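A.B. asks: Sequence:
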Amino acid sequence: MSWFQYLLQANLYLVLLYGFYTLLLRNNTFFRLNRIYLLSSGIIAFLMPVLQFESIKALFITEQVRQTTRTIGTVIYSAPQVYSAQENTWTLTDWLLAVYIAGIILFVSRFLLQLFVVLRKRSGYSSILKAHSFFGKIVVSDHIEGRKIIMEHEKVHVSQWHSADVILFEVISIVSWFNPVVYAYKKALKYIHEFIADEAVAKNQFTKEDYSLLILSNVFGIRTQELSNSFFNQSLLKRRIIMLHKTKSKRITLLKYSLCVPLLAAMLIFSSSTVKIEDYSEPIKNIKLGNFIKTDPDNQSDEYYKLFLRRNPQIKNLAWTTKPSVTVYLKDGKKEVYDLDNDGHIKNAEVKYGELPSSPPPPPALSTPASQIDKIVLSDEPQPDPVVQMEMVQVLPQFPGGPQGWVKFVGDNYNYPKMARENNVSGKVIISFIIEKDGSLTDFRVVRDFGFGTGEEAVRMMKTSPKWTPGIQNGLKVRVTYYQPIILSLS
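Its first residue numbered 788, the sequence shown is counted upward by one per residue in my numbering.
Accuracy of the hints is not assured; some may be wrong.
What the hints assert, rightly or not - In silico BS3-like pairs for lysine-lysine, Cα to Cα no more than 30 Å straight-line: (1) Lys990 to Lys1037; (2) Lys1254 to Lys1264; (3) Lys973 to Lys935.
Stated by the list, open to error - Pairwise CB distance ranges, derived in the manner of DEER restraints: (4) Asp1126 to Gly1188: 35 to 41 Å; (5) Ile830 to Pro1173: 35 to 41 Å; (6) Arg934 to Thr816: 35 to 41 Å; (7) Ile830 to Val1174: 42 to 48 Å; (8) Val1212 to Leu883: 36 to 42 Å; (9) Asp1126 to Ala889: 50 to 56 Å; (10) Ile830 to Leu1041: 37 to 43 Å; (11) Val1138 to Gln1191: 34 to 40 Å; (12) Arg813 to Thr878: 38 to 44 Å.
No lab work stands behind these hints, which were simulated from the structure alone.
Small disclaimer: the values here were computed from a predicted structure and weren't measured.
Cβ atoms here follow ideal geometry from the backbone N, Cα and C, with glycine treated the same way.
Start from the sequences and build out the full structure, keeping to the hints where you can.
C.D. replies: Structure follows, in structure tokens:
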């Protein structure tokens, strides 16, 4: 399960559990039970997505699902492609993750600032918050009306650890800052805290009418602190007085709480029936092999290639394959393929563009003017070998067994993701990896996919690959960055 799926499920459960509370429990006078429900539902929502019961999962892995996996069509394996290092490879998932992390940072900063304001000590602080508590700390102004009663009210908050509830939901609101239901949870919990404290004080110390007048006589003009339990909170005033005078709920209404059991069972079934994509797939068959790009930078100077591009500004770049052929990529997105074994094709290309370079250019030399060097640092630690781009290496790395061995490997190991089949989607997956000098593969990345786990499955497959024959540059084995597209289609 990806982080996005987990977060989506957890917040869906938060919405369902809060909806249940609003519809059936909100107006009950069983305040302590409501507190337990709100706290436990916040925790359960984040635990439920990771709960997997095999007995429940087995009910949803039916023969019909297995039959569906046999309807896989054809996967076309096409030629590796060259990608510029400047190309933006950010996917929608990357952007969503960036926005989510930015929100996390913002709300963590906000939480820490609020915590600092509550904990700081300075002169005149008690005049700003006439009555509030935070864990074991109680602040009540000396000259406030009804100070003794208000102190008892705040002691209830402290003794029942209401501040811990607040901190828990502050953490949840940081993780799920985008979910408006989380803020409704926080407000509902503050109501419950005040109802519990009001009930305890009015029951033992005051009549309900006198206690209501005490609240009204002090509440106006007082600033509220979110992390602390403030006695005088204007936004909670009306419901506090209503619930204080409300007739106690009958014991029969306790049955409402039992109705959450079917809801929890449905959530558990949903979580357990979420099958991992790779567990119920079959190998893909009928794979077509395309062409490999081959380059030989020593056969053509960089200067002539640059001259060719200046002479033909409509051309973006060229690519050579082992057919042999050359592909002309135009800046308007079109491409033209010329067969180098066909004299007619070569003449057509040269009439249109002039004499063609025989290969892509070598990489530009990297140098720093001596006048710009500030210092040289010597280190005993081994430095990693440089990585050569696949379009620049003289001898491309090769899968053991050649193209046919690669075809068999993909056919035996790539499992078409179940969600992709169910949504009848197809398209191009592009993965990149580094082929080390010993032929092992590292640094797997999904350059492009079409969702539903297709890119992740390609990376999983490549991690099981045997060692390749490494690339060769100037007669030496080198590390090579390799880009590999796979076109997936369902028939």
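A.B. asks: If a hint holds in the structure, say so; if it does not, say that too.
C.D. replies: How the hints compare with the structure:
{"no.": "1", "hint": "Lys990 to Lys1037", "in the structure": "holds, 18 Å"}
{"no.": "2", "hint": "Lys1254 to Lys1264", "in the structure": "holds, 14 Å"}
{"no.": "3", "hint": "Lys973 to Lys935", "in the structure": "holds, 28 Å"}
{"no.": "4", "hint": "Asp1126 to Gly1188: 35 to 41 Å", "in the structure": "violated, 28 Å"}
{"no.": "5", "hint": "Ile830 to Pro1173: 35 to 41 Å", "in the structure": "violated, 50 Å"}
{"no.": "6", "hint": "Arg934 to Thr816: 35 to 41 Å", "in the structure": "violated, 28 Å"}
{"no.": "7", "hint": "Ile830 to Val1174: 42 to 48 Å", "in the structure": "holds, 46 Å"}
{"no.": "8", "hint": "Val1212 to Leu883: 36 to 42 Å", "in the structure": "violated, 19 Å"}
{"no.": "9", "hint": "Asp1126 to Ala889: 50 to 56 Å", "in the structure": "holds, 51 Å"}
{"no.": "10", "hint": "Ile830 to Leu1041: 37 to 43 Å", "in the structure": "violated, 22 Å"}
{"no.": "11", "hint": "Val1138 to Gln1191: 34 to 40 Å", "in the structure": "holds, 38 Å"}
{"no.": "12", "hint": "Arg813 to Thr878: 38 to 44 Å", "in the structure": "holds, 41 Å"}
Checked against the numbered hints given earlier, the structure breaks hints 4, 5, 6, 8 and 10 and satisfies all the rest.
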